[in-house]
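Chains as they are written, first to last, in numbering that gives the first Met the number 0: chain A, 0 to 157; chain B, 0 to 681; chain C, 0 to 106.
Source of the hints: derived by calculation from the structure; they are not laboratory data. Owing to the predicted nature of the structure, the values given are computational and were not obtained by experimental measurement. Built from N, CA and C at the ideal position, the CB exists for glycine as well. Careful: at least some of the hints might be erroneous.
[Unchecked claim] Derived DSBU-like pairs: lysine-lysine, alpha-carbon spacing no greater than 30 angstroms straight-line:
{"no.": "1", "chain 1": "A", "residue 1": "K69", "chain 2": "A", "residue 2": "K119"}
{"no.": "2", "chain 1": "A", "residue 1": "K69", "chain 2": "B", "residue 2": "K559"}
{"no.": "3", "chain 1": "B", "residue 1": "K462", "chain 2": "B", "residue 2": "K472"}
{"no.": "4", "chain 1": "B", "residue 1": "K327", "chain 2": "B", "residue 2": "K579"}
{"no.": "5", "chain 1": "B", "residue 1": "K437", "chain 2": "B", "residue 2": "K533"}
{"no.": "6", "chain 1": "A", "residue 1": "K119", "chain 2": "B", "residue 2": "K472"}
[Said to hold, decoys possible] Here are the computed distance ranges between Cβ atoms for each label pair:
{"no.": "7", "chain 1": "B", "residue 1": "L299", "chain 2": "C", "residue 2": "D31", "range": "22 to 30 angstroms"}
{"no.": "8", "chain 1": "C", "residue 1": "T87", "chain 2": "B", "residue 2": "L299", "range": "37 to 45 angstroms"}
{"no.": "9", "chain 1": "A", "residue 1": "S100", "chain 2": "B", "residue 2": "A21", "range": "35 to 43 angstroms"}
{"no.": "10", "chain 1": "C", "residue 1": "D31", "chain 2": "B", "residue 2": "E311", "range": "34 to 42 angstroms"}
{"no.": "11", "chain 1": "B", "residue 1": "E25", "chain 2": "A", "residue 2": "P71", "range": "40 to 48 angstroms"}
{"no.": "12", "chain 1": "B", "residue 1": "R380", "chain 2": "C", "residue 2": "D36", "range": "51 to 59 angstroms"}
{"no.": "13", "chain 1": "C", "residue 1": "E14", "chain 2": "B", "residue 2": "L35", "range": "51 to 59 angstroms"}
{"no.": "14", "chain 1": "B", "residue 1": "D407", "chain 2": "A", "residue 2": "A108", "range": "26 to 34 angstroms"}
{"no.": "15", "chain 1": "B", "residue 1": "S315", "chain 2": "A", "residue 2": "D43", "range": "47 to 55 angstroms"}
{"no.": "16", "chain 1": "B", "residue 1": "D17", "chain 2": "C", "residue 2": "D36", "range": "19 to 27 angstroms"}
{"no.": "17", "chain 1": "A", "residue 1": "S100", "chain 2": "C", "residue 2": "T87", "range": "45 to 53 angstroms"}
{"no.": "18", "chain 1": "B", "residue 1": "Q363", "chain 2": "A", "residue 2": "P71", "range": "49 to 57 angstroms"}
{"no.": "19", "chain 1": "B", "residue 1": "D17", "chain 2": "A", "residue 2": "K119", "range": "29 to 37 angstroms"}
{"no.": "20", "chain 1": "C", "residue 1": "T87", "chain 2": "B", "residue 2": "K533", "range": "31 to 39 angstroms"}
[Claimed, not checked] Stretch by stretch, here's where chain A covers chain B in the computed footprint (C-beta under 8 angstroms, at least three residues):
{"no.": "21", "stretch": "595-605"}
{"no.": "22", "stretch": "637-648"}
{"no.": "23", "stretch": "663-670"}
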Amino acid sequence: MSKQSDSEPFILFELAGTTYGVRSRFVQQVEMVEHVTPVPNASDAVEGVVFARGQVVPALNLRVRFGFEKAPFDLRSRLIVVNTGGRVVGMIVDTAREFLSIPAAAIGAPPEALTGLSGKYLEGIATLDRRLVLILNLDEVIDIANTQTVVDGEPEAA
Amino acid sequence: MSTSDPDNSSEFFAQFLDDYYAECDEHLTLVRRNLLALEAQVGQAQVEQALLDELFRSFHTLKGISAMVGLSAAEQLAHHMESYLRALRQSETILSAEGVEALIAGASTLEQVVAARRNELPLPGITAVVARLEAVASDFSSKSAQDALTDDAGGKGLEPDGAKAEAGARDAVTGATARTWRVEFVPTPALAERGVNVNSVRARLQEIGELVQAKPQVRGKGEIAFLFVVVTDADESVFASWGIENLTFAPVEETATAGSPTLPSETAAAQEPEPGGAPGTEPVPQSRMLAPSNVVRVDLARLDELMRMIGELVISRARLEGHLGRLKKSVSAAEWRALQETSLAMGRQLRDLREGVMRVRMVQVGEIFERMQFVVRDLARESGKRITLELLGRETEIDKFLVERMTDPLMHLVRNAVSHGLETADERVAQGKAAEGKLTLRAAAVGESVLIEIADDGRGIDKGRVAARAQAKGLIGEREALDDAALLELICAPGFSTRDEADRGSGRGVGMDVVRNTVEELGGRISLETESGKGTRFTVELPLTLAIAEALIVSVDGQKFAVPQSAVQEVIEVETSAVKALENNEIIPYRGGVLPLVRLARLFELNDVRERAAFHVFVIGSGSSALGVAVDRIIGQREIVVRGISDPLVQVAGIAGATELGDERVVLILDVAALRQSAANR
Amino acid sequence: MTASLRPLRDVGFGEASSGLEAIERLALAPVDLMILDLNMPDMHGMEVIEFVRGHQAYSGIPIIVLTTRGDEASRTGALAAGATHYLTKPFDPHELTEHARRLLDAG
Chain A
0 MSKQSDSEPF ILFELAGTTY GVRSRFVQQV EMVEHVTPVP NASDAVEGVV
50 FARGQVVPAL NLRVRFGFEK APFDLRSRLI VVNTGGRVVG MIVDTAREFL
100 SIPAAAIGAP PEALTGLSGK YLEGIATLDR RLVLILNLDE VIDIANTQTV
150 VDGEPEAA
Chain B
0 MSTSDPDNSS EFFAQFLDDY YAECDEHLTL VRRNLLALEA QVGQAQVEQA
50 LLDELFRSFH TLKGISAMVG LSAAEQLAHH MESYLRALRQ SETILSAEGV
100 EALIAGASTL EQVVAARRNE LPLPGITAVV ARLEAVASDF SSKSAQDALT
150 DDAGGKGLEP DGAKAEAGAR DAVTGATART WRVEFVPTPA LAERGVNVNS
200 VRARLQEIGE LVQAKPQVRG KGEIAFLFVV VTDADESVFA SWGIENLTFA
250 PVEETATAGS PTLPSETAAA QEPEPGGAPG TEPVPQSRML APSNVVRVDL
300 ARLDELMRMI GELVISRARL EGHLGRLKKS VSAAEWRALQ ETSLAMGRQL
350 RDLREGVMRV RMVQVGEIFE RMQFVVRDLA RESGKRITLE LLGRETEIDK
400 FLVERMTDPL MHLVRNAVSH GLETADERVA QGKAAEGKLT LRAAAVGESV
450 LIEIADDGRG IDKGRVAARA QAKGLIGERE ALDDAALLEL ICAPGFSTRD
500 EADRGSGRGV GMDVVRNTVE ELGGRISLET ESGKGTRFTV ELPLTLAIAE
550 ALIVSVDGQK FAVPQSAVQE VIEVETSAVK ALENNEIIPY RGGVLPLVRL
600 ARLFELNDVR ERAAFHVFVI GSGSSALGVA VDRIIGQREI VVRGISDPLV
650 QVAGIAGATE LGDERVVLIL DVAALRQSAA NR
Chain C
0 MTASLRPLRD VGFGEASSGL EAIERLALAP VDLMILDLNM PDMHGMEVIE
50 FVRGHQAYSG IPIIVLTTRG DEASRTGALA AGATHYLTKP FDPHELTEHA
100 RRLLDAG
């Protein structure tokens, strides 16, 4: 953890071959994916609920959320529980195993040309050496208003 | 002060930091309380000595632990406050208002520094505050510096801080020939066979001196090596005499150990004094505060664990009772009675245990109130308003978990009251009110709930403005009259509050919607009373007890659900052949009449297994409004611990909450009223 | 714990009672799987994980971590640092054997 004031620690995760980053100060815990209880009539992206620290927490399937193909959970799948704006929500990702300090200077705004999902859910893109890390806009990702099934980048009513 | 120590990136250090933050919280809480008490004694000839002692100790400890984690700004602040307290203790200066102000400013800034570090934000400046502290202590600076030397060296029962640990280790070994050595060991299979491994090397080093560091490393060609740093007065020949190949050693030049944080792993390996001021070594103060040695600090997570275990015991006992019931016919009446009595006794004891653990989790609401005093004081100063803060019922106890969750929301309400509710002195006088605005925080236990009120006698909520904004957002129609309840609904609507209110240090926006969500998630309610020109009062009611209810556990399409027993009239088994279809509905013969049937599988879009010969139904409602809900199987009856579900992502019709049956899997609790509604709507 | 792993045949075991020893094992013989208790006398299991993951020669070794029930922070940290799997103590020996077998076969 760097002590420079312009660099922030992130937790990185993989989703469908791409690396994303979440500010670690919003991450409450990272768990394996176990025992998700489906919630009837909840939106597609909501895999269900799990118990985390004695609280019942919704688990979002990020693949579904971002319009990717669903993939079966395996030993590497992780549930990243975030705590932001008073809400505690879990996100299911392919794998999560890295802490990385990213300097603010390395994060740029997402290019205008990225329409649809990407524009909404991304806060920025970090360019590090030979790596691209997409920085998530957590509030948008967990916003209920965004739970519509998305096909080919076009939102359609669930 | 080391700021680029690569070891800071280790997870271990992160956990060490967590302990540091916890200790800071504790000490700062005590400091806050004591400073407020001190304020009341300004100008007195004799200030309560115990109070000064306690403050001094707190600052001394804060200085020590801050040095250990390398947070120099905090260390400096603590140091200056400690110096001033030292002077006060030795009756060398009379407590002045300016002095207390400086201390309060110092404590606030210290708190901010720690919080900033915790949230990885830039640290606030400390120069101004330090200057103030130095100014109040300045007359005595030369004298206090001397005392500082005698104090620490003479060891008045206070622990040396970690910055001196390595020097301490060196001194402990004594001897003019004590030197620091770097020893490197590369393990090989051949050596291991001879019994020479990292453990044996470590043991030898510990025998000849103090082991200050032991680290694994990977060298150039990928080979693993171990690096030890040891302080010893043995000389080279000793190392050589061990006859270990792959053991290299070299003396290290003594460097000024300017307080580089001592790695906790060294503490384990060496025998060093405990880092800065462990509470157990402090003499018990005479003040009215809880004597630290009588207090045990417990991780809230462990208490959650205890509660969970108790929940499980409750469930097991319920199951036991079920089994016992079935035994009735097989045992004698006397044995049966004995079994019953034991089971009942257990039930009673469990209740007592539950209450006991809950009492452990209880803390005084005063804890939150105190924090608010500082916030109000700052805000008042900033806005130039004059505010009296009235705190009532601070000894009211609530569950620590509630305190944790409610602190931010309550803080938000307080800020709103100060920033928007209360007017400036001039405005108030013009209205014929007292120049000083009054803010009242009140806590009271009422039955099974705790009530927390935040009231101000300011201008009240501007209904007109709220209505206008709501209309603009399409939330209400034109000209709707707004009562207090409707007003509350509006200001708590997501997106309604503007997030441009400067929210210092409270992270991302805590708006009114978050306040209400939090309260409801905790099973509570929030209500509003407001009158234009007179003031506003928010009342939060929170349940004290764990909600435990009897429930029927049912299974549909392999998934379990819980149904509140209180809503269930009866439970029956139905043959598929007995079901008659009537237009869109299904009915079965029931008690001489018919019972409409609704299938849970269909309501929840689960798999409806129709091929069964028979299935189970639980009946809700009675008489003409009776309704049968069909499930695959009724599994049994259990006592469950009810937990709320309030995140919007999973708020669906028909689900009232969630519980867990002891295996960490969530089981959803059905909302019977909603079921009935859904059934009616088909 | 070794006893619970006995059902796994053709597997050799090395034991270490401290973090440094555990790391030393890597140097002494090729390791295919590490089972690590986070609470060790000389260094925290986390440091071992970081060490192992931090060096190319060893970064691919699967690590099963044993954590104390209720100790969420360690679990999170361990997984984030690169542990492959975790088990909570007290653990079911069959679970351990199964996971170990699975990871060894996959490797």
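Results of checking the hints against the structure:
no., hint, in the structure
1, K69/A to K119/A, "holds (21 angstroms)"
2, K69/A to K559/B, "holds (25 angstroms)"
3, K462/B to K472/B, "holds (15 angstroms)"
4, K327/B to K579/B, "violated (38 angstroms)"
5, K437/B to K533/B, "holds (11 angstroms)"
6, K119/A to K472/B, "holds (22 angstroms)"
7, L299/B to D31/C: 22 to 30 angstroms, "violated (40 angstroms)"
8, T87/C to L299/B: 37 to 45 angstroms, "violated (19 angstroms)"
9, S100/A to A21/B: 35 to 43 angstroms, "violated (24 angstroms)"
10, D31/C to E311/B: 34 to 42 angstroms, "holds (38 angstroms)"
11, E25/B to P71/A: 40 to 48 angstroms, "holds (46 angstroms)"
12, R380/B to D36/C: 51 to 59 angstroms, "holds (53 angstroms)"
13, E14/C to L35/B: 51 to 59 angstroms, "holds (57 angstroms)"
14, D407/B to A108/A: 26 to 34 angstroms, "holds (30 angstroms)"
15, S315/B to D43/A: 47 to 55 angstroms, "violated (38 angstroms)"
16, D17/B to D36/C: 19 to 27 angstroms, "holds (20 angstroms)"
17, S100/A to T87/C: 45 to 53 angstroms, "violated (30 angstroms)"
18, Q363/B to P71/A: 49 to 57 angstroms, "holds (50 angstroms)"
19, D17/B to K119/A: 29 to 37 angstroms, "holds (34 angstroms)"
20, T87/C to K533/B: 31 to 39 angstroms, "violated (56 angstroms)"
21, 595-605, "holds (count 4)"
22, 637-648, "holds (count 6)"
23, 663-670, "holds (count 5)"
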